[in-house]
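Engineer: Here is what each chain is made of, one letter per residue.
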Amino acid sequence: MVRVVSRRLVQLGVTLIALMTLVFFWLRSLPGGPVDALLGERATPQTRELLIQALGYDQPIWVQYGRFLKNVVTGNFGNSIRTGEPVTDVISRAFPATVELAVAAIIIAVGLGIPLGYLAARHRGRLLDNATIIVTLIGISIPIFFLGYLLKDWLTQDIHFFPPSGRISTGTDNTDVTGFFVLDGLLTREFDASADALWHLVLPAVTLATIPLAIIVRITRASVLDVLDEDYVRTADAKGLRDATIRKRHVLRNAMLPVVTTVGLQTGALLAGAVLTEKVYNWGGLGTLITDSISGGRDYPVLQALILLAAVVFIVVNLLVDLSYAVIDPRVRVQ
Amino acid sequence: MRAPGRPAFRFRAVIAAGVVAAMTIGAAGCAESDRGTGDDEGNAAGGTFVFAGAGDPKNFDPIFNDDGESFRPIRQMYDTLVTHKPGTAELEGGLAESWTNDPTGKVWTFKLRQGVKFHDGTALDAAAVCANFDRWYNMKGEAAQSQMIYYADVFGGFAGSPDAVYDNCKAQDASTAVLTLKKYKGAFPGAFALTAFSIASPAAMKQYDADTVTQNGDSFSYSAFANEHPTGTGPFTFGGWNKATGEITLAKNPDYWDEKAKVDKVIIKVIKDENTRKQELRAGTVQAIDFPAPADRKALADEGYAVLERPAFNILYLGINQKNNPKLKDLRVRQAIAYALNRPQLVQTKGPGGSVVADQFLPETVLGYAPDVQKYEYSVDKAKQLLSEAGATGLTLNFYYPTEVSRPYMPNPQEIFTVLANDLQAAGIKVTGVPRPWNGGFKDDVQQFGKQDLHILGWTGDYNDPGNFVGTFFGRPKVEFGADAMTEMFDAIGKADATVEPEAKRTAFEQVNRDLAAKWLPAVPIWHAPPAIVTTKNVQGLVPSPLTAEEFDTVSLTK
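First to last, the sequence lines map onto chains R and V.
Going by the working numbering, the first sequence opens with residue 52, and the numbers climb by one from there.
Going by the working numbering, the second sequence opens with residue 2, and the numbers climb by one from there.
Derived from the structure by calculation, the hints contain no laboratory data.
Misleading hints may appear alongside valid ones.
Examples of chain V residues toward chain R, derived with CB under 8 Å [what the hints assert, rightly or not]:
id, residue
1, 51
2, 67
3, 147
4, 153
5, 220
6, 225
7, 280
8, 349
9, 445
10, 491
11, 559
Even glycine gets a Cβ: it sits at the ideal position worked out from N, Cα and C.
For reference, chain R alone in the conformation it holds in the complex (with noise of 0.2 Å):
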């Protein structure tokens, strides 16, 4: 088990570094750059001169590549163009918006899609089972735009009964703890504070959750028809085995391994549902600070940053995922 993690943090940073060149470069070709951005339109030439060199812009590319990896190999990402922070702390203020999101939108699709998936095979061929694939068919193929603006103009404007954007209500005055405010709500006893995140995440949760919950109950429904056909199901069944010790210990218990790898991989998805999600409702995680880095004048430093970010967490996860299935099903072996 060591000698696998191990050997996969090296693949990890060799990954990483492969990563990180490509990115480099892939961001530098792109037309347009920071200095238009920085100067807007007032800028003279040689303000505008002033800043290549100070941004070191008129050096060759591959002095500014090598400047940046040193950088990155010493845990210095450097500043975000755009605020001139360090971009450590712009993104540890955007990441916990976003995990709060993504750990919310990936409690509604794995608590409602496994138990739905679960009853819709358990029902086959039946009316929950057919509901259940005309409308998870509808949930994987609503784009989440439309579907986040559908859900806002409905529960926000008709009725006014969600507060349309933001994490917390304009000039609450909770004590940033974590970041993550529901729980700094808890932490501090600021329960109202607490209630209020909580309010404002439902919507955005809801919207980012049903792609992610659609899938579950699409994959969970067809590994739990697998396995119900299984012959030691049948064994089971015909030597008078509980009901439920059968459902729990065989056909769940089975039935689990592609769910976990779907659970793992839409994980990671979820970051690039968080851009619109964000978007949508003003959410102010990394789902906006991508969006913002690009569109807002190439901040090629916060960019780089995320996209390491966004692989780490996608490879991590992974590898959460494969260390899961032995625990799920004692016969794989890591290796």
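Take the given structure of chain R and dock chain V to it, following the hints.
Structural biologist: Same frame as chain R, now just chain V:
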């Protein structure tokens, strides 16, 4: 096999848990709706004014900023020597009660208000004013200098630069500051009212290392002064910037030298998406929003919101680059383009409410506006005739337009392009549209490399001076227009800009504007489009400014 019976108990438990969770969340919602009004009750007289802005500020040191979203909070915390009468571009006294200019135009004497204090309690006197001018001129380092965009533009350069306009500033007595320039500059006195030239507390700047702009890798970071301790003389003091929620809080300055702010607190909430700004307004969570989508204005007005149109102080133009296609050097071809455009219809169909057709490059309120310029009324026949006279039938032009951007003067570039391109096609000019992201190539291609034949771009004025409009565009050779040969135009504008006596300056610029329309036509003015603010009904006293320079001290909230 037989389908195992009813779902196991644990699944019912899951569903039950879900219901409980939903109810808990519902209860949380009730708690939320209770807290909404909590803030106001304690302070019925003042209250909190929440204004939704469209973007993050950069920092709060005026001199290092050049964008409206940074200037919005800065303007509430600082004052300038000269300012604008609310709702106009006319000058009036700010920190200086009065100001005079000597006949050479180089020496400016400011009589300062007495008894004005910075937020840190130090006195605003002539020495403090001069300390600000000296600070700007002596700023060290490429990093810092490259961020002083307005300073570089207006004052020409820094200590040691031959182009620098600043000479010295002397405190004649405590309330008289004398600013001496190396040469006359037409931008003054209007430019003294620029928010970038707000006067900051020298003591606070020293204490919080205002001049330290440090560079780390690809970027800069600003001082504690710029981020946490902005200290001016304005009607509001800095209360904090919560970057996680995008809220800038400003508190009423109880010692303000002029009429004190009516609200106790201002929160500027950053909401980048215009649709979301509108929804927050409707949900009642913000009381005012900037830059509503033009299409939403009418609906919001119908719903009972106050739509405050700013007097137009901007210009959208169709730029013509004479460099790539020799035919465009021919005035007749450029005139044909002007005749081909049905501008009244464009204004009617695509212009934000209150837009007007532009026949010159500055709005009516600016000195030097000439009512009698050549107008180029829409006429496809005239356009075709001029093209054939110039031997330019079958002309093919590329037309660059920006995407991923909305500017006050250009809310919907793509739609504007489509209409203009159709007009040109109708007159027999073939148009190839080239869309480029605003920060992803448009500005580079148009202003640095000059790849375009035609493009759309515009400008919002900074202060009431014709040089700030026509001088910016046509006062010197620019890649954007590729009109390097038009020296007559550069000279005429330079001369007009250097005229000291106001009446003579007006006459000179009127002639410039007539010639720009009839003789030079380096671009075609399209429209002046006023951006708007929308507020809820209970917001009183918010005066929309042509310079988008609204001050919140006059705002009050009724129940």
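Engineer: Hint numbers the structure violates, sorted upward?
Structural biologist: Those not satisfied are hints 6, 8, 10 and 11.
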